[in-house]
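Given the sequences, and given the hints that come with them, work out the whole structure.
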Amino acid sequence: MTQEPVLEIKDIVKRYGDIQALGPVGISVREGEFLTLLGPSGCGKTTTLHIIAGLTEPTEGTVSMKGRDITALEPPQRDMGLVFQNYALFPHKSIFDNVAFGLRMRRVPKPVIKERVDRVLDLVGLPDVGSRYPSELSGGQRQRVAVARAVVIEPSILLLDEPLSNLDAVLRKRMRLDLREIQQRLGITTIFVTHDQDEAFEMSDRVILMNNGGIEQSGPPEEMYDKPESQFAAEFIGEANLVEARVVAIEPGALKVKVAEAIFTAPAGKMAVSEGDLVTVMVRPERIEVSKTPVNGGNTLQGKVTGRVFSGDQIALTMQVAEGLEILCSKPSTAHYRDLRLGDPVWISADDCWVLPRAGVKTEGAK
Amino acid sequence: MNNSGRLFSAFLFGPIGIVYLLFLLAPIGFFLSMSLFRYDAFELYVPTVTSENFERVLTDSYYREIIFRTLKIAFLTCFFSLMLGYPLAYFLARSKSRWRGVLMFLVIAPLMSGIIVRTYGWIILLGQDGAVNKTLMTIGLISQPLQILNTEIAVLLALVHILMPYMVFPLFSALASQDPDVERAAGTLGAGRIRTFIEVTLPLSRTGILMGTALVFTLTAGAVVTPALLGGKDVQMLGQQIYDLILTTLNWPLASAVAFVLVVCQFLIIALYFRGGRHGPM
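Sequence order for the protein chains is A and B.
For the first sequence, the positions run 66 to 432 when the numbering used here is used.
For the second sequence, the positions run 910 to 1191 when the numbering used here is used.
In case anyone wonders, no lab produced these hints; they're calculated from the structure.
Note that this is a predicted model, so its numbers are computed, not measured.
Incorrect hints may have been included.
[Claimed, not checked] No farther apart than 20 Å at their CA atoms in a straight line, the calculated lysine to aspartate or glutamate pairs in the DMTMM-like style are these:
| id | chain 1 | residue 1 | chain 2 | residue 2 |
| --- | --- | --- | --- | --- |
| 1 | A | 179 | A | 193 |
| 2 | B | 1005 | A | 122 |
| 3 | A | 158 | B | 949 |
| 4 | A | 357 | A | 404 |
| 5 | B | 1005 | A | 404 |
| 6 | A | 321 | A | 287 |
| 7 | A | 158 | B | 1088 |
| 8 | A | 396 | A | 409 |
| 9 | A | 158 | B | 1092 |
[As the list claims (entries may be wrong)] Some, not all, of what chain A presents toward chain B, calculated at C-beta under 8 Å:
| id | residue |
| --- | --- |
| 10 | 118 |
| 11 | 120 |
| 12 | 124 |
| 13 | 138 |
| 14 | 141 |
| 15 | 145 |
| 16 | 146 |
| 17 | 151 |
| 18 | 153 |
| 19 | 161 |
| 20 | 167 |
| 21 | 235 |
| 22 | 266 |
| 23 | 290 |
Quick reminder that beta carbons are idealized off the backbone N, C-alpha and C, glycines included.
Structure follows, in structure tokens:
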């Protein structure tokens, strides 16, 4: 896409006294995109969002919207709608007045306010709650009202600060889909902050993974999952077997690495390596094939089953392949995998594997 | 509610209920009946039923003036305490400054010395040769010392000072319990600071305003020592009138009638006030 970004933050740094909490961070957001800032608590994702919203002033760097520098603007002057983690509805105002607030501040004529509030309450699936008060609504309903209040002003960007974290598990799953649907229907550019990887993946066009005040990696969910660029990314997103290996040969587009006594072939990523380097090989637990009969060829390890957890549709197997080296595999619980018992000798093949730098080392060239 | 719940409630309310019954309702009953007795110079009072005490309180222009002045001073004290206390409470509730603890202490500090000590402090400050007059004369703003003592201004000034903690604390707790994100939300929706204050902060601190002003109002309306010492004979208020009638004139029936009128005034105003202040579920 060659389009100019709707929002761009450049070299943002936030310091509290001597402590650098964030940055330098740079993000650009495309029109209509659903972008997620994902990361553990304290990684700087909420600070980043607050800087975008104008609630926190960055120590360094600029925020610009549609090419215009808005770093110095107060929140009321920014064209953004923010949904807070605890919703922050006005407890003393009715739902109608809560949603109408932003329009009233913009001096929209009363009949228009009425029409737009009704329309947006309809959109979030709460057409009949206008006269109620926030304390009379359930958590999920309040959440929808908070979204309605933020989108009714038709902001250029919708900011969502962990809006699902106060909901119970079932409701949370449904709201993910609902939120995404509302976003799609309005076509509104959205930045979503969460620590929940499932949320991030289900909802986003693009995910930015943050850690220790910086950006670890960014990309579409599939790419983040398949091609993590650091051990942190591999572990934070999904489950991963991470095994130490040594590079034995470099071929065009591929690497040969030695895992325990076996040779694995893996696609060459963006990482710069040379022969003899120590690297980490990642294999996702569901991309492993386990066989009771010997398998020849590359990317194969021999071991025995040391753990077995059956959980209905899935079965998780732990297999020891070398002294101190265990591989986890999780599979749909088909007859083949169910029949594997503790102590059984097995052959494990992992054709789908990925090489990344060892812990603490960041990929060169990756931001 | 089930039986054990009821029992538990009774257990919770029991002790305070007994205290109220013995030390509040019983004395009120006592002075209510006393207010219907007839004053007698030799026997103090004759237990009959008469309305003459009330007639006197309500028709005598002397008492009417005192009732009016008492309510006026109570309203003004309330008003100024609120105007001065609100910014202070707001700062205390929102500030992350390390001076917050010190300021908090300074707000409570007046409660640590007795009301008489504080009132005498004001006499020293406001007297003919007091610090205020001396300063004003030194800088040449006035040539003659101002008469501040024995005026309503002196009483008002001291009452606002003395009762400030009763205003600040309810306001502080109301403001501190607000979710700061609610104000931020108003900001992101386009409300500037003043709009946010009027639309969000102020209405959400309503309980604090009601509590603080009700406390200050009742305490002022019933004040005795401060008006007596700073207002002298010129600024008579009801509390001090009752005190005089009981201890000096020994007219207990009339004192009871005045007290009854005072209690009814306070009760009515507070009741009306809380009724008017209640709307919307909170």
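Hint-by-hint comparison with the structure:
no., hint, result
1, 179/A / 193/A, "holds, 13 Å"
2, 1005/B / 122/A, "holds, 17 Å"
3, 158/A / 949/B, "violated, 60 Å"
4, 357/A / 404/A, "holds, 10 Å"
5, 1005/B / 404/A, "violated, 63 Å"
6, 321/A / 287/A, "violated, 24 Å"
7, 158/A / 1088/B, "holds, 15 Å"
8, 396/A / 409/A, "holds, 17 Å"
9, 158/A / 1092/B, "holds, 13 Å"
10, 118, "holds, 6 Å"
11, 120, "holds, 6 Å"
12, 124, "violated, 18 Å"
13, 138, "violated, 11 Å"
14, 141, "holds, 5 Å"
15, 145, "holds, 6 Å"
16, 146, "holds, 7 Å"
17, 151, "holds, 6 Å"
18, 153, "holds, 4 Å"
19, 161, "violated, 13 Å"
20, 167, "holds, 4 Å"
21, 235, "violated, 26 Å"
22, 266, "violated, 27 Å"
23, 290, "violated, 33 Å"
Violated hints for the displayed structure, listed by number in ascending order: 3, 5, 6, 12, 13, 19, 21, 22, 23.
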